[in-house]
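Peer 1: Listed below, chain by chain, are the residues.
Number of protein chains: 2
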Amino acid sequence: MYKYKFYNIKYINKNKKKILNKIIIIKGWVKFFRNNYFLEINDGSTINNLQVIINNKKFLKKKIRIGIPLKIIGKLIKNKNDIEVYAYKIKMYGNIDKEFINKSILQNKFHSRSKLRQQLNLRFRTNLFNCIIKIRHFLFINIHNYLNLKEFIYINTPIINKNNAEGAGEVFKITTLNLLDKKSKFNCKKDLFKCKANLTVSGQLELESAMYGLGKVYTFGPVFRADNSNTKKHLSEFWMLEPEIMFYKLKDIIKLSVNLIKYLIKGTLKNCKEELNYLDEYNKRYNNCKNLINRLKNIIKKKYIKISYNKTIKLLNNIKRNIINWGDDIGSEHEKILFNIVFPYEIPIIIYNYPKKIKPFYMKLNKDKKTTKSIDILFPYIGEIIGGSERETSYNKLLDRIKKLKINIKNIMWYINLRKLGEIPHSGFGLGFDRLVQYITGMNNIRDIIPYPIYPGHIF
Amino acid sequence: MYKYKFYNIKYINKNKKKILNKIIIIKGWVKFFRNNYFLEINDGSTINNLQVIINNKKFLKKKIRIGIPLKIIGKLIKNKNDIEVYAYKIKMYGNIDKEFINKSILQNKFHSRSKLRQQLNLRFRTNLFNCIIKIRHFLFINIHNYLNLKEFIYINTPIINKNNAEGAGEVFKITTLNLLDKKSKFNCKKDLFKCKANLTVSGQLELESAMYGLGKVYTFGPVFRADNSNTKKHLSEFWMLEPEIMFYKLKDIIKLSVNLIKYLIKGTLKNCKEELNYLDEYNKRYNNCKNLINRLKNIIKKKYIKISYNKTIKLLNNIKRNIINWGDDIGSEHEKILFNIVFPYEIPIIIYNYPKKIKPFYMKLNKDKKTTKSIDILFPYIGEIIGGSERETSYNKLLDRIKKLKINIKNIMWYINLRKLGEIPHSGFGLGFDRLVQYITGMNNIRDIIPYPIYPGHIF
Chain A
20 MYKYKFYNIK
30 YINKNKKKIL
40 NKIIIIKGWV
50 KFFRNNYFLE
60 INDGSTINNL
70 QVIINNKKFL
80 KKKIRIGIPL
90 KIIGKLIKNK
100 NDIEVYAYKI
110 KMYGNIDKEF
120 INKSILQNKF
130 HSRSKLRQQL
140 NLRFRTNLFN
150 CIIKIRHFLF
160 INIHNYLNLK
170 EFIYINTPII
180 NKNNAEGAGE
190 VFKITTLNLL
200 DKKSKFNCKK
210 DLFKCKANLT
220 VSGQLELESA
230 MYGLGKVYTF
240 GPVFRADNSN
250 TKKHLSEFWM
260 LEPEIMFYKL
270 KDIIKLSVNL
280 IKYLIKGTLK
290 NCKEELNYLD
300 EYNKRYNNCK
310 NLINRLKNII
320 KKKYIKISYN
330 KTIKLLNNIK
340 RNIINWGDDI
350 GSEHEKILFN
360 IVFPYEIPII
370 IYNYPKKIKP
380 FYMKLNKDKK
390 TTKSIDILFP
400 YIGEIIGGSE
410 RETSYNKLLD
420 RIKKLKINIK
430 NIMWYINLRK
440 LGEIPHSGFG
450 LGFDRLVQYI
460 TGMNNIRDII
470 PYPIYPGHIF
Chain B
20 MYKYKFYNIK
30 YINKNKKKIL
40 NKIIIIKGWV
50 KFFRNNYFLE
60 INDGSTINNL
70 QVIINNKKFL
80 KKKIRIGIPL
90 KIIGKLIKNK
100 NDIEVYAYKI
110 KMYGNIDKEF
120 INKSILQNKF
130 HSRSKLRQQL
140 NLRFRTNLFN
150 CIIKIRHFLF
160 INIHNYLNLK
170 EFIYINTPII
180 NKNNAEGAGE
190 VFKITTLNLL
200 DKKSKFNCKK
210 DLFKCKANLT
220 VSGQLELESA
230 MYGLGKVYTF
240 GPVFRADNSN
250 TKKHLSEFWM
260 LEPEIMFYKL
270 KDIIKLSVNL
280 IKYLIKGTLK
290 NCKEELNYLD
300 EYNKRYNNCK
310 NLINRLKNII
320 KKKYIKISYN
330 KTIKLLNNIK
340 RNIINWGDDI
350 GSEHEKILFN
360 IVFPYEIPII
370 IYNYPKKIKP
380 FYMKLNKDKK
390 TTKSIDILFP
400 YIGEIIGGSE
410 RETSYNKLLD
420 RIKKLKINIK
430 NIMWYINLRK
440 LGEIPHSGFG
450 LGFDRLVQYI
460 TGMNNIRDII
470 PYPIYPGHIF
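Residue numbers (my numbering), protein chains in the order written: chain A, 20 to 479; chain B, 20 to 479.
Treat the hints with care, as some may be off.
Calculated pairs, BS3-like style, for lysine-lysine (alpha carbon to alpha carbon, straight line, at most 25 Å) [to be verified]: (1) Lys24(B) <-> Lys110(A); (2) Lys37(A) <-> Lys22(A); (3) Lys82(A) <-> Lys439(B).
I should point out that these hints are in silico values taken from the structure, not numbers from a laboratory. Just so you know, these numbers come straight off a predicted model, no measurement behind them.
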């Protein structure tokens with residue numbers, strides 16, 4: 020056993036004054052090196068490497084390679100630029116496959132993001148992905164923290180279910196039967212669940228039942244869409260935050276969602292400086308996004324634009340005649356006009372009162388019986404990140420709407436029955452977590468902000 | 020708009036001195052009532068109801084029912100027992116379906132847990148489930164908090180994948196094709212991912228790749244088993260925590276897992292008193308578990324038993340000849356003997372060095388080439404909650420083992436290739452979150468501690 024203390028590089032950088040001239044242990048891998056004397060060591064705790072000076076004859080005979088894992092005991096000393104470790108003892112773990120490294124994204128030069136995506140298993144070692152994943156982590160943890168502080172209760176809504184919550188998109192089917200068995204017909208009665216089973220598209224319906232007992236609840240987990248969407252903002256598997264709150268009206272969820280967004284971005288600016296600085300620089304050089312940090316600062320200071328669906332349609336048609344009909348969903352091309360021409364302020368736009376025909380059955384109708392008490396929050400560059408509404412509270416109205424839409428009542432009778440507990444006002448929203456990470460990191464492709472992106476033609 | 024302030028009942032109970040004699044707003048539903056004058060209101064924030072005194076002629080004419088949602092403005096006053104609200108103004112939301120309530124678990128009397136399970140959508144309104152879900156929430160949040168404090172980075176490992184990480188169990192197959200189409204043969208090339216796709220059984224493999232770049236990582240999400248297991252400790256869909264740490268050895272993950280368990284239980288004892296007291300009482304009366312809180316206190320004080328697999332087999336066979344052969348897995352009947360006869364102290368047992376043939380391919384072999392550097396942590400009443408190991412670091416040994424086990428190399432070549440980055444020691448474990456919740460709440464059936472339990476024949 021060594022009597023020396025182990026520190027990670029992040030800690031050493033933060034506490035160099037305290038540790039200076041002490042003998043310490045570091046553990047990591049060679050990020051790069053100049054001859055065998057000068058090694059730049061990284062351990063994943065930070066993108067900043069620690070320089071190590073070698074003066075050990077036995078070790079100098081060994082083949083140093085990019086990537087090789089090391090344990091180093093040495094003295095932390097000052098050099099003219101900063102600090103470095105003067106190594107006394109070094110342990111090397113195994114060997115590096117040189118050819119493998121040479122073909123890989125670990126080689127010390129610029130690699131495009133699409134190249135990084137071809138080596139997902141190694142992407143974690145790049146500075147870019149280190150920063151993105153740390154910001155993703157920060158946001159993930161702080162969503163939980165924020166809601167926990169506000170006394171929300173986390174609910175694990177089921178991933179496998181038999182209802183298709185929204186008609187929001189195509190669902191994946193699940194089976195345990197042998198799909199290649201050509202003799203026997205597929206019969207879901209013989210399946211493990213003895214019925215058709217899907218992957219969830221939203222935890223919303225189950226979450227509402229939890230809300231009826233616990234008041235303030237949320238779920239935050241993976242949801243799935245089987246649509247064949249090959250775009251820069253769609254994934255087949257993505258993470259969605261869904262809060263649901265008793266006695267909340269539309270104005271309350273607008274407030275909650277805006278406060279949450281601002282809390283998260285404020286926290287990122289304060290706590291992820293190293294990562295944001297790297298991304299700011301990266302985006303300037305390689306990603307056609309000139310001012311990431313300023314964008315984020317702007318978005319926590321300003322009031323968001325709030326406008327009804329009706330007015331949005333009028334404004335769009337004023338810009339370009341007949342570009343959209345009342346009742347159509349607001350698409351990417353309309354979003355571009357809104358952000359570039361109508362409201363060119365780089366702040367989110369809250370659009371409320373969408374037509375019922377483009378929104379799910381559970382959204383509460385306005386008195387006009389045409390529009391719903393709903394919102395979408397659109398972000399510049401990304402589009403919709405949040406969608407929410409007040410929920411229909413009346414048993415009869417809900418049943419009526421479901422019948423008109425010809426939704427299979429059998430599988431959601433348990434949900435409709437919740438309205439037999441009186442007409443409790445309640446509201447909630449869904450926040451596309453991956454798109455939020457995309458916005459905050461400035462990445463223009465959603466496949467660059469999740470470890471293993473799942474999309475048509477691509478699983479791992 | 021009212022000028023009075025809204026408080027939830029948990030807050031009112033905690034701050035009654037401060038709020039006494041103030042006019043406040045409360046929102047909730049009728050838990051029960053004696054004639055129309057005395058209502059017990061609950062709002063989900065606590066299982067303790069707040070008594071409301073009605074003295075409003077208009078309101079007294081209305082039909083009060085169990086479950087009806089109300090908004091009440093009234094004065095918080097002292098009564099001989101505690102506090103109550105003297106109502107000035109009451110708003111009732113909709114009506115209650117009396118027949119529905121009468122058939123439901125919301126009726127004010129004892130309902131068995133199996134009855135509660137038949138009404139999952141209403142179960143959240145029971146005191147029992149309120150307490151269980153709040154403890155589940157507390158544990159969930161504090162797993163994230165603990166690991167975040169220790170600088171672990173959260174990784175969203177994919178739910179849909181094509182590798183079966185462990186051979187740990189049967190997998191669910193996923194498809195977008197029409198399973199009922201009798202004419203055409205099933206051809207996964209035509210499927211959305213253009214290959215066979217499964218639901219994950221563990222994030223372990225993908226997590227290791229993240230570990231290679233970030234050092235300390237974890238995943239915590241749903242995993243799936245398609246086995247036809249209808250027991251009190253198995254679910255088809257359950258939540259698993261998986262940390263993976265660079266340079267950690269077996270002793271380090273033993274320490275991490277024991278510290279985490281103790282941290283979580285200590286926190287629950289401190290922060291979930293109301294819930295634990297209720298469960299302690301409930302378990303005494305209805306669940307044949309006589310001393311839940313003492314059990315938990317015991318488990319944070321004592322050192323856990325640590326014993327090798329070899330020795331465990333010997334001890335078991337000493338109790339009952341030939342009850343187990345070397346190489347067999349330790350089953351429920353063996354666990355019973357261990358906890359009741361061999362180590363009857365009601366503390367967890369850490370069994371280490373399991374035979375390779377009952378453990379996954381990635382576990383590091385001991386020098387005997389028969390056993391692995393692995394642990395299972397067994398808990399009294401529940402059995403295995405944690406399983407972990409050091410990972411095989413050698414490319415050749417790993418490849419050799421995979422070939423011998425006839426695992427399809429093609430889909431995990433990306434994983435094997437990580438060993439081309441040198442032989443970095445690393446270890447990790449999986450913790451069955453639902454079983455931990457089961458242990459801490461004293462529930463003998465895992466279906467009682469998750470909102471929507473998914474098991475053979477049962478989805479929602």
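Peer 1: Give me the numbers of the hints this structure contradicts, sorted from smallest to largest.
Peer 2: Hint 1 is the one this structure does not satisfy, whereas the remaining hints hold.
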